[in-house]
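Visitor: What follows is the residue order along each chain.
4 protein chains.
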Amino acid sequence: MISDRKLEHLLLCTHSDVEYHKKTGFKDVELVHKALPEVNQEEIDLSTSLLGKELDAPLIITAITGGHPASEIVNQKLARAAGKLNIGLGLGSQRAAVENPELESTYTIARQEAPEALIIGNIGAPQMELSSRAAEMMDLDALAIHLNPLQEAIQPEGDVDSRGYLENIQETVKNTSIPVIAKETGAGISGNDAQLLETAGIKAIDVAGAGGTSWAAVETHRSQDKSMGELYWDWGITTAASTVEVSQSVEIPVISSGGIRNGLEAVKALALGADVVGMALPVLKASYQGEEILQDFFHNFINQMKVAMFLVGASNLEELQNTDLVIQGKTREWLQERGYDTKIYARRSSL
Amino acid sequence: MISDRKLEHLLLCTHSDVEYHKKTGFKDVELVHKALPEVNQEEIDLSTSLLGKELDAPLIITAITGGHPASEIVNQKLARAAGKLNIGLGLGSQRAAVENPELESTYTIARQEAPEALIIGNIGAPQMELSSRAAEMMDLDALAIHLNPLQEAIQPEGDVDSRGYLENIQETVKNTSIPVIAKETGAGISGNDAQLLETAGIKAIDVAGAGGTSWAAVETHRSQDKSMGELYWDWGITTAASTVEVSQSVEIPVISSGGIRNGLEAVKALALGADVVGMALPVLKASYQGEEILQDFFHNFINQMKVAMFLVGASNLEELQNTDLVIQGKTREWLQERGYDTKIYARRSSL
Amino acid sequence: MISDRKLEHLLLCTHSDVEYHKKTGFKDVELVHKALPEVNQEEIDLSTSLLGKELDAPLIITAITGGHPASEIVNQKLARAAGKLNIGLGLGSQRAAVENPELESTYTIARQEAPEALIIGNIGAPQMELSSRAAEMMDLDALAIHLNPLQEAIQPEGDVDSRGYLENIQETVKNTSIPVIAKETGAGISGNDAQLLETAGIKAIDVAGAGGTSWAAVETHRSQDKSMGELYWDWGITTAASTVEVSQSVEIPVISSGGIRNGLEAVKALALGADVVGMALPVLKASYQGEEILQDFFHNFINQMKVAMFLVGASNLEELQNTDLVIQGKTREWLQERGYDTKIYARRSSL
Amino acid sequence: MISDRKLEHLLLCTHSDVEYHKKTGFKDVELVHKALPEVNQEEIDLSTSLLGKELDAPLIITAITGGHPASEIVNQKLARAAGKLNIGLGLGSQRAAVENPELESTYTIARQEAPEALIIGNIGAPQMELSSRAAEMMDLDALAIHLNPLQEAIQPEGDVDSRGYLENIQETVKNTSIPVIAKETGAGISGNDAQLLETAGIKAIDVAGAGGTSWAAVETHRSQDKSMGELYWDWGITTAASTVEVSQSVEIPVISSGGIRNGLEAVKALALGADVVGMALPVLKASYQGEEILQDFFHNFINQMKVAMFLVGASNLEELQNTDLVIQGKTREWLQERGYDTKIYARRSSL
Ligand SMILES: Cc1cc2nc3c(=O)[nH]c(=O)nc-3n(C[C@H](O)[C@H](O)[C@H](O)COP(=O)(O)O)c2cc1C
Ligand SMILES: Cc1cc2nc3c(=O)[nH]c(=O)nc-3n(C[C@H](O)[C@H](O)[C@H](O)COP(=O)(O)O)c2cc1C
Ligand SMILES: Cc1cc2nc3c(=O)[nH]c(=O)nc-3n(C[C@H](O)[C@H](O)[C@H](O)COP(=O)(O)O)c2cc1C
Ligand SMILES: Cc1cc2nc3c(=O)[nH]c(=O)nc-3n(C[C@H](O)[C@H](O)[C@H](O)COP(=O)(O)O)c2cc1C
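Residue numbers (this note's numbering), protein chains in the order written: chain A, 31 to 381; chain B, 31 to 381; chain C, 31 to 381; chain D, 31 to 381.
Treat the hints with caution; some may be incorrect.
Which copy is meant is left open, because identical chains are indistinguishable; a pair holds if it fits in one copy or across any two.
[To be verified] Derived pair list, reagent style EDC-like, types lysine to aspartate or glutamate, alpha-carbon separation capped at 16 Å: (1) Lys57 x Glu363; (2) Lys373 x Glu363; (3) Lys256 x Asp326; (4) Lys204 x Asp326; (5) Lys57 x Glu260; (6) Lys52 x Glu228; (7) Lys204 x Glu72; (8) Lys57 x Glu129; (9) Lys114 x Glu143; (10) Lys204 x Glu166; (11) Lys52 x Asp169; (12) Lys233 x Glu281; (13) Lys52 x Glu201; (14) Lys256 x Asp171; (15) Lys114 x Glu281.
Just so you know, these hints were derived from the structure itself, not from any lab.
Keep in mind that this is a model prediction, so the values were computed, not measured.
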């Protein structure tokens with residue numbers, strides 16, 4: 031049952047080691063300190079807009095759940111937080127409710143709790159034909175199609191025929207009333223794939239790179255034969271590399287996610303070119319500790335972001351993209367080999 | 031006695047640490063994830079042909095044994111697996127049987143058990159004059175001449191006069207009725223040596239690079255004075271570097287081997303330019319656990335290969351050679367110093 | 031109370047781990063040994079001048095304290111040492127005494143004890159309007175304005191409005207009777223910021239880079255919620271990188287400081303282009319062990335410097351700046367990405 | 031007493047940790063394996079000549095001792111080994127015997143025991159005025175002037191006035207009847223210093239680089255205040271880097287030494303351009319175990335050399351200098367920054 035698998039995922043992700051052992055690459059990225067920031071930290075403006083909606087901070091809770099009775103309370107908590115903070119919220123795959131309308135409330139609760147918030151629906155690429163029904167199930171601002179080949183390849187019940195996806199995406203974009211986003215789920219998106227998606231009409235890309243939740247890891251826990259999951263545990267393009275690749279390759283908004291765990295990493299992602307930052311696992315974990323802790327999590331996170339913004343002298347997100355940062359180590363090696371210029375970030379403030 | 035030494039090798043290799051401490055270099059090679067593979071994993075075609083024979087997967091069990099009564103059952107098991115899977119099988123050095131025809135059955139059993147399979151005979155470079163007799167001992171598809179200077183140099187009874195080998199190879203190629211392959215045994219082949227071999231008429235090269243079974247290690251266990259073996263334990267060109275060097279230097283088929291231990295590494299080797307991948311030690315170990323485990327080993331291995339193929343969007347081996355991969359770390363340093371371009375792999379899919 | 035906080039800082043810094051976990055970068059810098067130094071170590075001349083005063087060695091005790099009754103004895107000891115050695119002494123922030131003249135003696139004691147020494151006053155950037163009063167409080171040779179955004183951002187009571195600082199600095203320079211220095215406090219100064227400061231009329235820059243005392247670390251100990259301080263513990267430009275950036279960017283004297291702990295590191299900093307070297311924490315710690323140990327600390331330090339000078343064949347500071355040094359590792363990567371040439375140091379002696 | 035200090039050194043070096051913690055750099059150097067060596071290992075010719083004398087192997091026992099009654103037996107053993115193997119032998123500093131002729135026999139024993147061998151006298155740079163007396167004390171083939179600024183700088187009784195050394199060397203060369211060598215004692219010689227020495231008339235250079243015996247380490251053990259010795263323990267140019275620098279800078283013969291501990295490292299040094307390889311500490315240690323062990327040490331060493339020669343396909347030392355090797359890691363970084371080309375070694379065999 032899809033629905034049961036959803037519960038299993040929630041439990042596994044909050045109680046087991048499901049994260050990449052290799053890192054996001056943000057350790058290789060150093061923001062250049064400004065001794066003279068010329069900014070008032072208290073007036074730093076984190077607001078932005080995405081897909082037509084204003085956000086008070088460039089943050090999205092990326093797709094987590096829905097479709098199992100136990101998801102409803104999770105989505106309720108997440109939506110309340112998103113509403114209060116006026117940030118984005120992604121729902122988990124809506125397949126379960128398309129197939130079984132009784133489960134719709136586990137998704138619609140989000141709109142009830144956050145009437146104004148940016149809410150993003152979700153459907154897996156293998157179920158793209160359900161897109162319009164997912165889009166119409168409730169009042170959504172956008173629909174995310176998730177690309178998840180790693181998990182599909184590793185789980186025994188996975189759908190491993192991905193032929194025609196790009197064409198289907200083009201169709202889906204045409205037939206869907208709301209903007210369509212493409213997102214990975216933890217293995218990252220290359221600059222190349224990003225260009226294909228943009229050409230197909232996709233309106234925003236969530237890189238969901240390697241370094242955070244690993245779906246190979248999740249499937250390792252779920253399967254009896256652990257060797258396949260372990261072998262591919264660390265498969266993927268790191269979030270830092272993927273953020274650079276995608277933001278240097280397309281014009282549409284870029285959501286950087288996958289292993290982002292604090293406000294400093296978020297600011298690095300934004301400085302690398304992302305428009306918005308996404309998180310799933312740490313938000314889910316905080317939500318389990320109660321709504322207050324969940325809100326504290328975001329307040330601390332935003333404060334951490336402001337400290338970094340202050341220390342590089344950026345009073346808003348636009349200015350941030352003009353501050354200096356240095357890319358070192360393996361991430362630099364990756365980008366240089368791949369033909370992406372790293373020096374453009376290192377001294378751009380003085381050009 | 032050669033024959034006894036053969037048994038000693040089998041036992042040592044399955045029970046002691048005989049592998050390089052330095053790695054194959056495949057850790058430095060990262061395949062670039064494709065979020066949109068546009069491939070059906072279930073229809074991935076691993077078939078290829080080598081030296082005129084079709085293979086269902088680009089795999090060869092490289093030379094292991096023969097020549098001792100105990101080898102017969104090993105070769106029987108290996109041949110049955112090779113036959114069932116329709117992959118290649120290399121026999122161990124045939125010298126023993128050329129010198130003592132009573133031992134022939136320890137080799138000919140392979141053809142009996144795998145009447146259709148690609149079977150490769152084997153003779154050491156110091157015994158090249160036995161080539162035509164080895165080639166005619168049984169129905170072989172090719173004869174491999176193994177180059178093994180590391181072991182020869184370190185073992186007390188080694189043959190350390192390698193003068194004239196290249197000329198002898200040229201002669202042997204002419205006088206042998208079947209195609210002649212050149213293979214190392216774990217210390218790798220440079221681009222330069224590969225060119226010499228191709229010019230001499232060799233029809234395929236098995237790089238057998240450093241990172242897997244180390245013949246210095248084996249000899250360390252066999253000798254009383256361990257210092258020589260320990261000093262040269264890690265001698266050689268890593269398999270990743272050797273695969274790049276050779277495949278950029280010659281037109282004939284390249285077999286990548288030496289420390290390949292799972293399907294992901296195999297796909298990396300193929301993406302780096304190899305036509306086929308070889309393994310000895312892990313196959314030998316699996317065979318000791320029984321025929322079923324041996325077959326499981328290959329099934330898992332092939333499944334692992336298909337996952338990697340799927341995740342880079344390659345539905346067959348030709349497409350694989352056009353997918354992106356990034357070479358980092360020491361392997362990148364080696365190749366850059368040696369004058370081999372690493373960037374050509376990093377973005378070739380979009381050219 | 032500012033005054034109490036000052037005491038807290040003194041205690042914390044001498045008893046807890048308050049240093050960067052990331053290093054100064056001087057490990058990446060290797061002076062090139064000269065087998066033929068052609069120097070008499072006993073006649074090495076370390077003297078220099080800064081802001082019009084002669085120094086017997088290019089050393090400054092950078093700003094530490096003042097403003098709390100307990101500071102008086104600290105400043106007394108530091109001033110005696112500075113006087114005897116004829117090196118520079120920086121006072122801690124004079125804000126406390128500007129606001130409460132009863133505390134003046136905790137600063138003026140320094141001039142009493144070291145009538146001839148180079149003594150530098152100190153005021154925080156947020157209190158720049160107090161500059162002229164600080165400058166006139168006592169007989170000072172210069173006034174340092176300290177830039178401390180990291181600490182301000184992290185401490186709960188911090189002043190995080192840094193707008194207009196650059197303009198205020200320009201004003202302050204005009205309205206102050208003595209030369210004005212700009213100094214960081216441990217997070218470093220970029221080449222860019224250095225240029226802005228020079229243009230604003232600043233007469234010397236103390237880079238105070240990352241690698242020594244970390245004000246994020248100090249604030250971690252002081253606050254109940256440790257997460258912010260821990261996250262920014264290692265924020266900043268390393269002292270080695272900052273020294274190169276600033277000395278390649280401005281004409282005014284450069285003081286290199288932040289984590290310098292022995293004479294070898296000091297000589298590296300000078301060879302990288304600094305005019306003078308500064309230290310705070312190790313001097314404070316030595317002073318707590320008594321005046322004799324404090325003097326021994328400096329004598330050993332100066333002897334260590336002379337050994338390095340001897341071994342690179344520099345009989346004075348000018349010659350030192352023409353000796354060879356090699357920059358490797360992360361510091362090299364940082365500088366290359368930032369557009370600073372590292373090779374100019376590596377062979378300059380023979381040009 | 032010099033004489034007592036000599037004994038102390040012998041004891042310290044054989045019983046305490048007196049070696050560099052940083053390595054020689056030879057780990058960064060990889061010889062490129064040749065699968066087709068085309069060499070007969072048993073006929074590998076290691077002979078060479080240095081300063082007019084033939085050597086059966088390119089090996090020198092570099093300066094160790096003399097001047098204390100206990101040295102006599104050491105020199106006796108070393109000379110017998112040198113004589114039997116027909117390799118070079120360096121005597122320790124002859125200053126003691128110049129000043130006290132009673133000690134002459136501790137040196138002259140060497141010529142008695144090895145009437146034909148290449149024997150090199152020794153005098154410290156600070157005692158250069160004793161050169162002609164040292165040269166005439168016995169039948170020597172050359173006189174080495176040792177440059178030892180690191181030890182001089184660190185030991186309390188050190189002579190730290192090195193002014194005029196270069197001019198004195200020029201004089202000494204003129205006034206000495208035998209060829210004059212310059213040698214370091216473990217901190218290495220730069221390309222630049224090598225050029226100066228060549229111009230001054232020096233006939234061979236022993237780089238004695240960092241990675242083996244450290245004279246800062248020795249002095250750490252000898253002095254009560256250990257801080258100076260510890261700080262400079264790892265000072266110097268590594269043997270690998272120094273060997274490249276010097277051999278790319280001069281035409282006279284280059285002796286590579288400092289931390290060479292086995293035949294593989296020796297062959298690397300020779301392939302990097304050295305004409306001869308030197309060792310002190312391991313020879314001294316072997317000599318303490320008796321003459322047989324000392325001879326075994328050299329036999330094993332030479333066998334190890336032959337294996338490496340065989341595996342790169344060099345049948346003599348000239349051919350060795352045309353085989354491929356790859357320089358990686360920190361040594362590559364050092365050489366690139368210093369302006370020395372590393373790629374010339376990597377593919378020279380095929381040019
Ligand atoms: C429990 C859980 C369930 C998830 N379910 C979905 C899903 O239904 N659809 C989807 O697009 N992504 C899903 N994701 C992936 C996340 O949206 C995100 O891309 C990924 O976890 C990487 O971010 P992180 O490292 O911050 O967790 C899920 C993640 C978690 C942890
Ligand atoms: C027990 C054993 C025996 C071998 N005997 C031969 C041989 O007779 N001829 C040969 O060419 N290679 C021989 N090899 C070398 C293998 O063919 C192969 O090149 C090498 O082991 C590296 O591959 P691996 O790391 O997968 O083991 C032998 C390997 C093993 C483990
Ligand atoms: C206890 C203590 C108090 C300090 N107070 C001041 C200050 O009042 N003003 C200032 O400019 N810097 C102050 N600093 C910073 C130092 O001057 C110096 O820039 C910094 O500690 C880095 O150098 P270090 O690693 O050698 O300690 C203080 C440092 C310490 C350890
Ligand atoms: C006990 C001992 C005594 C030495 N005495 C001298 C000496 O008198 N003159 C000299 O030029 N070098 C002397 N050396 C230095 C060696 O010749 C050599 O340059 C140095 O030890 C580095 O080589 P190694 O790492 O193989 O020991 C001595 C070395 C040792 C271990």
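Visitor: A separate judgement is required for each hint: does it hold in the structure or not?
Guide: Hint-by-hint comparison with the structure:
1. Within a single copy, Lys57 and Glu363 get their C-alpha atoms as close as 14 Å, and across copies as close as 14 Å, so both meet the 16 Å cut-off.
2. Proximity of Lys373 to Glu363 under the C-alpha cut-off of 16 Å is found in both arrangements, the shortest distances being 12 Å within a copy and 11 Å between copies.
3. Only between protomers do Lys256 and Asp326 lie at most 16 Å apart by alpha-carbon distance; the minimum there is 14 Å, versus 37 Å within a single protomer.
4. For the homomeric pair Lys204 and Asp326, neither the shortest alpha-carbon distance inside one copy (40 Å) nor that between copies (46 Å) is at most 16 Å.
5. Taking the shortest Cα distances, Lys57 and Glu260 sit within 16 Å of each other only across copies (15 Å), while inside one copy they are farther apart (24 Å).
6. Proximity of Lys52 to Glu228 under the C-alpha cut-off of 16 Å is found in neither arrangement, the shortest distances being 29 Å within a copy and 41 Å between copies.
7. Within a single copy, Lys204 and Glu72 get their C-alpha atoms no closer than 43 Å, and across copies no closer than 30 Å, so neither meets the 16 Å cut-off.
8. Taking the shortest alpha-carbon separations for Lys57 and Glu129, neither the intra-copy value of 43 Å nor the inter-copy value of 43 Å comes in at or below 16 Å.
9. For a Cα distance limit of 16 Å, the shortest separation of Lys114 from Glu143 inside one copy, 10 Å, qualifies, whereas the shortest one across copies, 60 Å, does not.
10. Proximity of Lys204 to Glu166 under the C-alpha cut-off of 16 Å is restricted to the intra-copy arrangement: shortest distance 14 Å within a copy versus 67 Å between copies.
11. When the C-alpha separation of Lys52 and Asp169 is checked against a cutoff of 16 Å, the pair qualifies neither within a copy, at 38 Å, nor between copies, at 49 Å.
12. Only within a single protomer do Lys233 and Glu281 lie at most 16 Å apart by alpha-carbon distance; the minimum there is 9 Å, versus 45 Å between protomers.
13. For the homomeric pair Lys52 and Glu201, neither the shortest alpha-carbon distance inside one copy (36 Å) nor that between copies (51 Å) is at most 16 Å.
14. Proximity of Lys256 and Asp171 under a CA criterion of 16 Å is satisfied in neither setting, with 39 Å inside one chain copy and 38 Å between copies.
15. Taking the shortest alpha-carbon separations for Lys114 and Glu281, neither the intra-copy value of 30 Å nor the inter-copy value of 52 Å comes in at or below 16 Å.
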